[in-house]
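**Q** The listed protein sequences derive, respectively, from chains U and X.
Position one of the first sequence corresponds to residue 1 (the numbering used here), numbered consecutively onward.
Position one of the second sequence corresponds to residue 1 (the numbering used here), numbered consecutively onward.
Fair warning: there could be bad hints in the mix.
As the list claims (entries may be wrong) - Straight-line C-alpha distance at most 30 Å; calculated DSSO-like pairs for lysine-lysine:
no.: 1; chain 1: U; residue 1: LYS57; chain 2: X; residue 2: LYS2
no.: 2; chain 1: X; residue 1: LYS56; chain 2: X; residue 2: LYS2
no.: 3; chain 1: U; residue 1: LYS57; chain 2: U; residue 2: LYS13
no.: 4; chain 1: X; residue 1: LYS42; chain 2: U; residue 2: LYS57
no.: 5; chain 1: X; residue 1: LYS56; chain 2: U; residue 2: LYS13
no.: 6; chain 1: X; residue 1: LYS42; chain 2: X; residue 2: LYS56
no.: 7; chain 1: X; residue 1: LYS67; chain 2: U; residue 2: LYS13
no.: 8; chain 1: X; residue 1: LYS67; chain 2: X; residue 2: LYS56
no.: 9; chain 1: X; residue 1: LYS2; chain 2: X; residue 2: LYS67
no.: 10; chain 1: X; residue 1: LYS42; chain 2: X; residue 2: LYS2
What the hints contain is simulated information worked out from the structure, not anything from laboratory work.
Since this is a predicted model, take the numbers as computed values, not measurements.
Here's the letter readout for the chains.
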Amino acid sequence: KAGVTQTPRYLIKTRGQQVTLSCSPISGHRSVSWYQQTPGQGLQFLFEYFSETQRNKGNFPGRFSGRQFSNSRSEMNVSTLELGDSALYLCASSLQAGGPNTGELFFGEGSRLTVL
Amino acid sequence: QKEVEQNSGPLSVPEGAIASLNCTYSDRVSQSFFWYRQYSGKSPELIMSIYSNGDKEDGRFTAQLNKASQYVSLLIRDSQPSDSATYLCAVNVNTGFQKLVFGTGTRLLVSP
Numbered sequence: 001k002a003g004v005t006q007t008p009r010y011l012i013k014t015r016g017q018q019v020t021l022s023c024s025p026i027s028g029h030r031s032v033s034w035y036q037q038t039p040g041q042g043l044q045f046l047f048e049y050f051s052e053t054q055r056n057k058g059n060f061p062g063r064f065s066g067r068q069f070s071n072s073r074s075e076m077n078v079s080t081l082e083l084g085d086s087a088l089y090l091c092a093s094s095l096q097a098g099g100p101n102t103g104e105l106f107f108g109e110g111s112r113l114t115v116l
Numbered sequence: 001q002k003e004v005e006q007n008s009g010p011l012s013v014p015e016g017a018i019a020s021l022n023c024t025y026s027d028r029v030s031q032s033f034f035w036y037r038q039y040s041g042k043s044p045e046l047i048m049s050i051y052s053n054g055d056k057e058d059g060r061f062t063a064q065l066n067k068a069s070q071y072v073s074l075l076i077r078d079s080q081p082s083d084s085a086t087y088l089c090a091v092n093v094n095t096g097f098q099k100l101v102f103g104t105g106t107r108l109l110v111s112p
């Protein structure tokens, strides 16, 4: 069974540009979550999608957006990049949609973004 | 106050010893708790989940939950050098949907 696939794995952008990251979840998983990981802040929740609907959003500015397609694949976009956006962006898929016993996430290898 | 707090470490233990990793959380209504392991340069992987007060054992790993004290711990018995990694405590902040809040992780070093 294929795992979570994220593309691209590495990318370098300059300030002011925008970037789109892609995530293909494990087959059959309909929930996709995105996290930003930095050395100082750790893993920070960005948003979660289920059945093409954003169910939850973290405390990030509106420059961070995402979407999910009917095949559960998800994309996230960061516009007007800032130096502080340099991070590892992790996508995670889950079989369950929510509720008290969810949180069993399967992570992709991540997309490492460097903003110059 | 951070939602999920962990000691950043490093926690150094000799091979064969018991490693004890601790985590506290602030949201009293949280109902599901997880431990993820992250090797350097890799993504997190789930190693334990616990939903009820008490202990849950899986091989060399034991997760302990005390909801009254808002405390979760992970014990690793017979620690091996291959256990050297960062261990992330995660709590599902039950807003009705999926939102897992992670601690910043404890780095574990197991020396041969």
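**Q** What are the numbers of the hints the structure violates, in ascending order?
**A** Of the numbered hints, 5, 7 do not hold.
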